[in-house]
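Based on the sequences and whatever the hints tell you, model everything.
The residues making up each chain are set out below.
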Amino acid sequence: MNNITDIVIIGAGPAGLSAAINAVTRGKTIRIFSNNDNYLSKAERVDNHLGFYNISGKDMMNQFIEHAENMNVNIENKKAVNILPLGESFLVNINGEIIESKKVILAMGISKVKEIAGESNLLGMGVSYCATCDGMLYRNKKAIVWDLSHDALKEANYLKDIGVNVTFVSNKNPSDELNPEIKYIKGTIKEIKGNNKVESILVDDKEIEAEAVFILREAVAPTALIDGLETENGFITVNRNMQTNIDGLYAAGDCTGKPLQISKAVSEGLIAAQHAAKEIDN
Amino acid sequence: MSEKILHLDTKQFDEVINKEKLVLIDFWATWCAPCRMLAPVIEKIAEQYDGKLVVGKVDIDEQQELAIRYGIQSIPTVILFKDGKVVAKEIGVKPLKAFTSLLDSEIA
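Chains as they are written, first to last, in the numbering used here: chain A, 7 to 288; chain B, 279 to 386.
Please keep in mind that the hints were generated in silico from the structure rather than gathered at the bench.
Values in this document were obtained by computation on a predicted structure and should not be read as measured data.
Wrong hints could be hidden among the right ones.
No more than 20 Å apart at the CA atoms, straight line, and that leaves these computed lysine to any residue pairs for SDA-like [claimed, not checked]: (1) A:Lys203 x B:Ile346; (2) A:Lys64 x A:Glu50; (3) B:Lys372 x A:Glu94; (4) A:Lys148 x A:Glu187; (5) A:Lys108 x B:Lys372; (6) A:Lys64 x A:Leu92; (7) A:Lys148 x A:Glu213; (8) B:Lys360 x B:Leu380; (9) A:Lys166 x A:Glu197; (10) A:Lys203 x B:Lys322; (11) A:Lys166 x A:Glu217; (12) A:Lys147 x A:Asn80; (13) B:Lys372 x A:Asp253; (14) B:Lys372 x A:Leu129; (15) A:Lys192 x A:Lys203; (16) B:Lys372 x A:Ala230; (17) A:Lys108 x A:Asn80; (18) A:Lys148 x B:Ala345; (19) A:Lys147 x B:Tyr348; (20) A:Lys84 x A:Asp43; (21) B:Lys322 x A:Ser95; (22) B:Lys289 x B:Trp309; (23) A:Lys148 x B:Gln342; (24) A:Lys148 x A:Lys160; (25) B:Lys372 x A:Ala227; (26) A:Lys147 x B:Ile346; (27) A:Lys203 x B:Ile357; (28) B:Lys372 x A:Leu184; (29) A:Lys147 x B:Trp309.
These stretches of chain B come out as covered by chain A in the derived footprint (C-beta under 8 Å, 3 or more residues) [stated by the list, open to error]: (30) 295 to 303; (31) 324 to 337.
Where is the CB? At the ideal position from N, CA and C, for every residue including glycine.
Next comes the structure, spelled out in structure tokens:
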């Protein structure tokens, strides 16, 4: 294990970036990860964040990013797949790279993850969220890659390279970047079937045999990311310091609940980062 | 690496689970990043339960027969054996608490 990072931040929207600049201001080392566009950059117009008005979401987001980058915050375009609390610190799996940190702030926005039938009960028994983590287990075996994010193509090619018999399921048109030896099926996975291990999947109404399914969404749902995280109605439960039920783990922004607003996200990011920084100093 | 953790091949594995009452085995591989995450948890278990539990590791690339025998579909997989039989299986990276509550109920 290399140097221990003070604070790892998952998500780089208004909450994550606010946490980042506040952590840096307090002299803390950070790493911040984001794998997707956030809602703000898609908002047509924003008028309710003090000091900014009549501005497009995209322009506002760009100003947030510019501000953070000017404070030497480097947003890494990578996906967190697992977080393990060790008591004094955390181990964070960023698509195969393991990082140790003192605190973790979840700021991944609202989860658009819709689990499919069979997914959670077969997780770890053929269902995987990380090709680089589990791919080697399925060399010479039949695996499905479900294209739900921009990095799914790359991961499918990786699996093919290490000798997995890959089938790519996607709603998009076939891409030139996909290894031409990979079988391509247009459609949506409706269900994963199997008893204690993945046996087949349903793509629309067609059943296909497989031993593994790599579900590659833009982000992993917070409850799948960390074991035992308390949520209420799909939002992460936090106190006024933005602490979750897991010691050293914070959450900020839309992932903690309504109102889903920029000003709230920015404030919560600040509170989480300042509290985390204070705890590290104590 | 803790000296309390045994690195077992298939023959040694069979001897250990048949001889010892309670054995915890971490099935892993060198290429597996989540296994590296779990390693410090396994070391803590070995220290905390020293004398009450035998803790071992099996590299599934080297001991494929064992991986097949226990249907290892994903690693890390940790299996608790009591009198040579599987009593519990934890798949994936889990916090220490997940293991201690299980072990405490088996040891009590």
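Against the structure, the hints:
1. A:Lys203 x B:Ile346: Since the Cα atoms of Lys203 (chain A) and Ile346 (chain B) sit roughly 13 Å apart, the hinted pair holds (cutoff 20 Å).
2. A:Lys64 x A:Glu50: Within the cut-off at roughly 8 Å; holds.
3. B:Lys372 x A:Glu94: holds, 15 Å
4. A:Lys148 x A:Glu187: Holds - the C-alpha atoms of Glu187 (chain A) and Lys148 (chain A) are around 14 Å apart, at most 20 Å.
5. A:Lys108 x B:Lys372: Given that 20 Å is the threshold and the Cα spacing comes to 18 Å, the pair holds.
6. A:Lys64 x A:Leu92: Given pair Lys64 (chain A), Leu92 (chain A) is violated - Cα atoms ~38 Å apart, limit 20 Å.
7. A:Lys148 x A:Glu213: OK: Lys148 (chain A) and Glu213 (chain A) at ~14 Å, within 20 Å.
8. B:Lys360 x B:Leu380: holds, 12 Å
9. A:Lys166 x A:Glu197: Violated, at roughly 23 Å.
10. A:Lys203 x B:Lys322: Answer violated: Lys203 (chain A) to Lys322 (chain B) is near 30 Å, above 20 Å.
11. A:Lys166 x A:Glu217: holds, 15 Å
12. A:Lys147 x A:Asn80: violated, 38 Å
13. B:Lys372 x A:Asp253: OK: Lys372 (chain B) and Asp253 (chain A) at ~15 Å, within 20 Å.
14. B:Lys372 x A:Leu129: holds, 13 Å
15. A:Lys192 x A:Lys203: violated, 24 Å
16. B:Lys372 x A:Ala230: Distance of about 11 Å is within 20 Å: holds.
17. A:Lys108 x A:Asn80: Holds - the C-alpha atoms of Asn80 (chain A) and Lys108 (chain A) are around 19 Å apart, at most 20 Å.
18. A:Lys148 x B:Ala345: holds, 18 Å
19. A:Lys147 x B:Tyr348: holds, 18 Å
20. A:Lys84 x A:Asp43: Distance of about 12 Å is within 20 Å: holds.
21. B:Lys322 x A:Ser95: holds, 14 Å
22. B:Lys289 x B:Trp309: violated, 23 Å
23. A:Lys148 x B:Gln342: holds, 18 Å
24. A:Lys148 x A:Lys160: holds, 18 Å
25. B:Lys372 x A:Ala227: holds, 16 Å
26. A:Lys147 x B:Ile346: holds, 14 Å
27. A:Lys203 x B:Ile357: holds, 16 Å
28. B:Lys372 x A:Leu184: violated, 34 Å
29. A:Lys147 x B:Trp309: With a Cα-Cα distance of about 18 Å, the restraint between Lys147 (chain A) and Trp309 (chain B) holds, given a limit of 20 Å.
30. 295 to 303: Our answer is that it is violated, as 0 residues pass the Cβ test (under 8 Å) against chain A, missing three.
31. 324 to 337: violated (count 0)
The earlier numbered hints that this structure contradicts are 6, 9, 10, 12, 15, 22, 28, 30 and 31.
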